[in-house]
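Work from the hints to combine the two standalone chains into their complex.
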Amino acid sequence: AQSVAQPEDQVNVAEGNPLTVKCTYSVSGNPYLFWYVQYPNRGLQFLLKYITGDNLVKGSYGFEAEFNKSQTSFHLKKPSALVSDSALYFCAVRDMNSGYSTLTFGKGTMLLVSP
Amino acid sequence: ETGVTQSPTHLIKTRGQQVTLRCSSQSGHNTVSWYQQALGQGPQFIFQYYREEENGRGNFPPRFSGLQFPNYSSELNVNALELDDSALYLCASSLTRFDTGELFFGEGSRLTVL
Numbered sequence: 027a028q029s030v031a032q033p034e035d036q037v038n039v040a041e042g043n044p045l046t047v048k049c050t051y052s053v054s055g056n057p058y059l060f061w062y063v064q065y066p067n068r069g070l071q072f073l074l075k076y077i078t079g080d081n082l083v084k085g086s087y088g089f090e091a092e093f094n095k096s097q098t099s100f101h102l103k104k105p106s107a108l109v110s111d112s113a114l115y116f117c118a119v120r121d122m123n124s125g126y127s128t129l130t131f132g133k134g135t136m137l138l139v140s141p
Numbered sequence: 017e018t019g020v021t022q023s024p025t026h027l028i029k030t031r032g033q034q035v036t037l038r039c040s041s042q043s044g045h046n047t048v049s050w051y052q053q054a055l056g057q058g059p060q061f062i063f064q065y066y067r068e069e070e071n072g073r074g075n076f077p078p079r080f081s082g083l084q085f086p087n088y089s090s091e092l093n094v095n096a097l098e099l100d101d102s103a104l105y106l107c108a109s110s111l112t113r114f115d116t117g118e119l120f121f122g123e124g125s126r127l128t129v130l
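So the protein lines, in turn, are chains B and F. With the first sequence counted from 1, adding 26 to any position gets you the working numbering. With the second sequence counted from 1, adding 16 to any position gets you the working numbering.
What the hints contain is simulated information worked out from the structure, not anything from laboratory work. Treat the hints with care, since some could be wrong.
Unchecked claim - Partial chain B-side listing against chain F, Cβ under 7 Å, derived:
(1) Tyr65
(2) Lys95
(3) Ser127
(4) Phe131
Given the structure is predicted, the values throughout are model-derived calculations rather than measurements. In this text, a Cβ means the ideal position worked out from N, Cα and C, and glycines have one as well.
Isolated chain F, as found in the complex (with noise of 0.2 Å):
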């Protein structure tokens, strides 16, 4: 059984620019969320993919965006980053949209924004 595995593990952009950052969720999960954790802060919930489908979405811009692939990996998309983009992101998996269980981690993907 393979677990969540997240890429990139860092990288560096400029303010203005773009990034994407890639999720392959556990064996056998087909939903997918995002979270954002700044610096000292706890996760904080971006949005859910279901099916391919967004079903869910926290306070968060819509120059974050996402998409959910048939074999239920995921991307995040961060427009016009801005410096307050600077987190760790974080991709979680879960049996189905209505789990009351655990949600199941990626290592992250840690974004400077300079």
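Chain B extracted, bound-state conformation (with noise of 0.2 Å):
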């Protein structure tokens, strides 16, 4: 089964700063990698997905993020942070199984960015 991990439950950066929250992954073929961003009480907003092509890949919000494959990382990056970006992120991998696919997601990590 696919999974990934969020090291981290909290980031905290200032606003202004670049911010980077991480992500690792362990799948068996190719990976389809995902970020999403929940605001309080809300459901969960796509930022950006790496399918294939370009390890970088751009999103929403001036978000995007570095596919490593030798790592098995996918972290989600920017380059100046902003207070209205203070959300919980999730990491996600499609799980590919047989007759069905799902998105398998990490624990989250709250970023908080400070005036």
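This is the structure we're talking about:
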């Protein structure tokens, strides 16, 4: 079975500084990787995905992620953090089962951006 | 294009009761998945419906059941509610059951079991 790990429960960064939220994965076969964001009492919003191609993936709201096959990582990044980026971030991997596919999520990382 | 919509947004039940949650999938999507997100956790896969049949299930007991209708909307039913069933229930739709792209999520239904 596929899995993802988010080693940090919380990441703190000052507004204007670059941010990184870490994710490592374990898959058999080709990895299909995703980042979602969740604001308080809301559903999940899609940020970006890696299916194939360039290792640097650009997504919504200025976020990007770097796919590294040798390190089995898919870290989320942003060059300059905003206070409004404060939210819960989930890394996920497509789990291709027999007959269906689902997303398997990490436990999430809370990003806090201070003014 | 309409997104995924869920109802109700919040509800409170007591232990032993039954609950039904509803979801309308995104236009053009024939596959609906349900997830449970307990407080402080990532979403956990409950089951998936494709063309009105359950075609995949996570590690949830049979008292969690569902339906999908011809218009691809879906229901999640939970019988004999337990305190641990308190969670945010998320519905997600995708183009097909083997889609490798993203899932589109609704805002969720927050269930509190007392």
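_Hinted contact Lys95 of chain B with chain F - closest CB pair below 7 Å_ = Result: violated, 17 Å to nearest chain F Cβ.
Inset, instruction - Tell me if Ser127 of chain B is really an interface residue toward chain F, meaning its C-beta lies closer than 7 Å to one of theirs. - result: 6 Å, holds
**Prompt:** Once the shortest beta carbon distance from Phe131 of chain B to chain F is found, is it less than 7 Å?
**Reply:** 4 Å, holds
- request: Go through the hint on Tyr65 of chain B and say holds or violated, using the shortest Cβ distance to chain F against 7 Å.
  value: It is violated, given that the least Cβ distance between Tyr65 of chain B and chain F is near 10 Å, above 7 Å.
In this structure, the earlier hints numbered 1 and 2 are contradicted, and the remaining ones agree with it.
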